[in-house]
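Use the sequences and the hints to build the structure in full.
Protein chains in written order, with our numbering: chain B, 664 to 952; chain Y, 275 to 434; chain P, 64 to 355; chain R, 5 to 664.
Quick caveat, the hints were computed from the structure, so don't treat them as lab data. No experiment lies behind these values; they were computed from the predicted model shown. Accuracy of the hints is not assured; some may be wrong.
[Stated by the list, open to error] Label pairs and their in silico Cβ distance ranges:
no. : chain 1 : residue 1 : chain 2 : residue 2 : range
1   : Y       : D420      : P       : E326      : 32 to 42 angstroms
2   : R       : G484      : B       : S909      : 28 to 38 angstroms
3   : B       : G733      : R       : E490      : 46 to 56 angstroms
Just so it is clear, CB atoms sit at the ideal spot from N, CA and C, and this is done for glycine as well.
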Amino acid sequence: MKYAYYPGCSLHSTGIEYDISSKLVAKRMGIELKEIPDWNCCGASAAHTTNHMLGLALPARNLAIAEKEGLDVLAPCAACYNRMKTTELAVKASEQTKQKIANITEMDYQGNIGVKTALEVFVKDAGLEAVKALATKTLGGMKVAAYYGCLLVRPHDVGIDDMENPMLMDDMVTALGGEAVQWPFKTECCGASLPTAKGKVGLKLVYDILSMAQSVGAEAIVTACPLCFVNLDMRQSDLNKKVSGSSFKIPIFYFTELMAIAFGEKPASAGAGKHFVNTSEILAKYNLK
Amino acid sequence: MSLNSEALPKSQEVTAAPEASNQPWEPKIVGFACNWCTYAGADLAGLSRLQYPPSIRLIRVPCSGRTNPQFIIRAFQRGADGVLVAGCHPGDCHYSTGNYFTRRRFLLMQRLLEYMGIDPARFQARWISGSEGPKFQQVVTQMTEDIKALGPNRKMRDVE
Amino acid sequence: MITEKMRTAAKDLLEKGEVTTVIGWEKGTFWYNSTPVFISKPEEVDRLVFDEFCANNLAKYLMDYRNAEGKTAVFVKGCDARGVNRLVQDYQVNRDKVFLIGIPCSGMKEAPKTAEKQDSSKLPLLKKCQECATPNPVVYDLLLGDPVSERQVPDRFSGVEAIEGKTADEKYAYWQSMHSQCIRCYACRNACPACNCRECCFDANGLNWLGKQNNVQENQMFAMTRAMHVAGRCIECGECERVCPMGLPIMEINRKILKDINELFGPQDAGMSLEDKPALGQFKLDDPEKFM
Amino acid sequence: MRRVGVFVCHCGTNINGVVDCEKVAKTAAGFPNVAFATDYKYMCTEPGQDLIKNAIKEHNLDRVVVASCSPRMHEPTFRACIESGGLNPYLFEMANLREQCSWVHANNKELATVKAIDLVRKAVAKVVKNEPLQKSRISITKRALVIGGGVAGIQAALDIADAGNPVTIVEKEPSIGGRMAQIDKTFPTIDCSACILGPKMVDAAKHPNIEIISYAQVEHVDGYVGNFEVTIRKKARSVDLKKCTGCGTCQEKCPTKVDSEFDMKLGKRKAIYTPFPQAVPNKPVIDRVNCTKFKTGKCGICQKVCPVDAVDYEQQDELIIEKYGAIVVATGYQQFDHSAYGEYGYGKYPDVITGLHLERLINASGPTMGKIKRPSDHKIPETVAFIQCVGSRDEAKGHAYCSRTCCMYTAKHATLVSEKIPGSKSYVFYMDVRTPGKGYEEFYKRTTDEYGAQYIRGRVSKIYEKGDKLVVRGEDSLIGRPVEVEVDMVVLAVAMEPQSDAGELARILGISVDKDKWFTEAHPKLKPVETHTAGIFLAGAAQGPKDIPDSVAQAGAAASKAIGLLSKVEMETDAMVSSVDESRCSGCLICKGICPYKAIDAKMIQERVGGKMVERQVASVNKSLCQGCGACTVACRAGCLNLLGFTNEQILAEVEAVCL
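Set out below in structure tokens:
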């Protein structure tokens, strides 16, 4: 199996761990990834809020390039996926829109290929059996809270899992021998860019999620979105300073990291060494060194 | 033949007075109107004194679904310049489903007549409700105009 | 050899007394025609043949045996089988009283111009067979021989489209020239499995559906009315056209309506199964709306 | 040769002002079959009508044409006139010279006159083909069937029975009472439901004219208005109603406990049970699915303890076939299943309940003896959130329509909660508060002002469990801010929706359902309790969401329609109906499928063929069901179906006449 790989900005920077681990998992699963040549910004958050057509045109260009190769796109980043999927559906839905976009990008994306996100390819499509089969280590009952955020499940036709109670990552965790704790905040807002722009509001959102995770006894949180990851991982120390009585130390993982590690990769080489919140402790606890 | 038509004086003869000759040619349109909607609509047009060309002769049927395609062919044979079938709007049929059959039947009939070389303007089907006096007026006026433009119908006629 | 199988099957049925009559084909006056035959004695089964001249749709003969004692067996090609379905749907034939012996059919041949014997394989297929989409019986109790592969048939609506392309006056002139030839022998009606009324409205007196005189207008009236009457019920066996002594393109009218039905109300193939209702015997709330 | 009389009316100047009536009459006199023609100022007046009557005698006319106004106006008048003149009223036609000629062609007198003459010729041509018609009469079975024993069914049954007609109530459940029996108190008066329904149930049970068949269903309906033949399946009750005294010992002793449907599974019942203490009939049934005796063959305690040995494990379903003149459909509604709402926990949170659940929790004879305890831990909730429009006004997850009752019962619930739980707090999330009804708005006001229920305008986007609390998060759209409230229990005002088997019943009865599967009334405004099938009427929520007052009112209306029908010994049917020429009918029955009234059916006739008698199928029209639309006549290729009064011959004659 072969996909056109679209890392987007995050996976080449703040989300590098996601990039590394995704590639490892793909390799283990025998999935070939070919990075889209000369890819451009997916337009997430900025583009579609400024101009609707721009929001469609940017992803369309990337899809057009992939279409030349005749490959479906794999976009691990939830935001990239969401934008690209939106574009794919828009093009498939209306000949008119398709034309408009083509006129802007001067490349015609026909909608013959589509986009998938890592969670879809590695878990939904591959199937839990395949995941189990590849695992050489078990998570040994690690209590993990699966956190999906918004972009993977909303809006309805773009989402890849149940809007209110998604289970894909939970099932993956269970399949790898972890304990997926059930909690109500799977799809809460992580604050997106607000922690930077509007500290009070943004941090509160992060705080709510972390403390809910804590209250249900989660030892770690697993996510599938670089932005969620950054907010949950990077803001903990910040919160501990600002909010009296809070002392968060919850390791955050990309689901691909846990998969890679369970498949036998060294945590370090899977990217687990690059987190703000130290991961070695918990990994040690479940001897996943 | 039937109802030994020869015996009947023709309206032309009746109006054979000299002034009749300079009357412009008025097409003859046979209309089949359902009793509950279109016939009522036509009555309403009258009550509201809405004027339209004296071209149409309405034949009252309980439901547009009572109109047999053979009636239409017969009308053309006997010299009608146009035929209108009109009934309640879909969903309003007094007999709940009659006009749905009308719709199917005359969608086919319309296309068949066209296929046989009859100008589509000469056969029309319309939904005209009991409250649509103005629509009745407008339909008849329009149809009369269209048919005037085409001139008298010679196709399928067996009279004269 | 199908003919052999036919005879054994017929003999068997008659001897066992499962049926009282077998309807099939026998050799006609000339080598190039095979005509319907009705056999009730086992010793007569050798009259039965199946060759490339068994064009007659036998379905309709079943109507003559509605009140017969016991079952009637009939040999059915694809078109005959659809004919039987038509008659059963119209309650003209009781399925339990007929025994259908299916014969896959690779098409029947035109009669040659001259009477002397010649290689029949050289003869062209009948028009109705060239256009046939159901060479294999769609219903049978016993099947003789192996199903023939579906033939690649020319677009059955091409003829209709050709006429649709004409201007109104050209169309009218065309049909005038056709219908002026009609002698109103009603052969088309009599051969048609969909024309199964007890008394045709054109024969009923007093009703005056149709003038008795034979002029082009009345012929038109007849043609259009019959077309509307078989609308959505025509099984496309093409018998009407085949039996027309004047060679009128009757199927071009039936197919026109069929084409419109497909376009307007969705695909319909009458006689393929007993389930499908005729297009004019039903409606959908969301049928196309052109009359507003 | 007929002897037709033509009478041209001036209608003052209405017609004569434009149409040359005298000329019309003169010309008409020359038409074949016309024996007499005249014109007169006002044909509809006394002298005008006398003129017609006299002319009939003088010229011994056998047909009459009046050329005046629209037949929709005066056809009945003139039919009566010629009838008193000694002719069959159907030997009459009208030419519409006013509405469809003089009034619309005022500017062209000449052609108006030409048209008038055509119209008269048309009428003459038709009337010549008219035949005398007789109205037929059908007898009426003086008995009504009420399907559904809820408050609507009970009310309808009582009204019909009080009018002196025998009534049968068929109820699916073991007892009548329906939804209202589950409800604790009723808005806007807060009087106890049982106290007003109970007596009605007893009245119904005691009424000499009412027979209650509970634990039964209508299986098949034949026949037509006045003469329905209904097959009722009495499900095997396993208890002999004649012997059983309803002492209840069996229920006490039965070892098997099952979730009680009546208590919304909040409480238990036995395997042999009556749904609730006041049940009517107050005699138990055995739930064979859960009964140990039926599952394992062992047990049989109830039989042992029954003092009158009424318990009968061998009992079979029983089919009753009865004749009825009228049928009232009062099958009510069912609750929308809110598991469609993921944001409310897919129906998985035990303390997120529906209105009916709360009714049972409040009800003194309910599973909690009237103490409001939340299902999960039987803790008494101090804070309760109500969410309205769950499944209503929501096309994405539920129904497009408004369920009409929820605003009021939610207000009632909020009131009752604050009465029953001192110091409790209620939040109501709503889209709009709709209170159209006597005293409804006032009631709602009391709920907010006196009982302090806090109404928050906005949808709830999420409910989640936090410890033993439920967090309800929504938006207050009036201040445009998100709101979160922590509560102990959430009550959803779920939509009312048609019974899941409504479509099936509609098929059995031959009535129709709308896009939401509610039974369709014959006319949304003018025939709200009738159906398209004569003799079948609708009552209560089966026709659409209704509260108790509306259901009772509609039940009364349906009853009065039924009574009106049953009050006649026989009823007259229209003379202008379809008729079959059996000698020509080939029995293809394409007409059957087209008739909207199921008036056409197959019939076998005998005939002589080749010396022996054979049976042949033909179509036959039920004159009492036929409404005379004529759709069948067009479907009939052979033209052997004909619509009396609008026969093929008549219409063809009209076509001929106007085309000249």
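The hints, checked one at a time:
In this structure, D420/Y and E326/P break the distance hint of 32 to 42 angstroms, their C-beta atoms being roughly 25 angstroms apart. Here the CB-CB span from G484/R to S909/B is close to 30 angstroms, well matched to the stated 28 to 38 angstroms. For the pair G733/B and E490/R, the supplied restraint of 46 to 56 angstroms holds, since their beta-carbon distance comes to about 54 angstroms.
Checked against the numbered hints given earlier, the structure breaks only hint 1 and satisfies all the rest.
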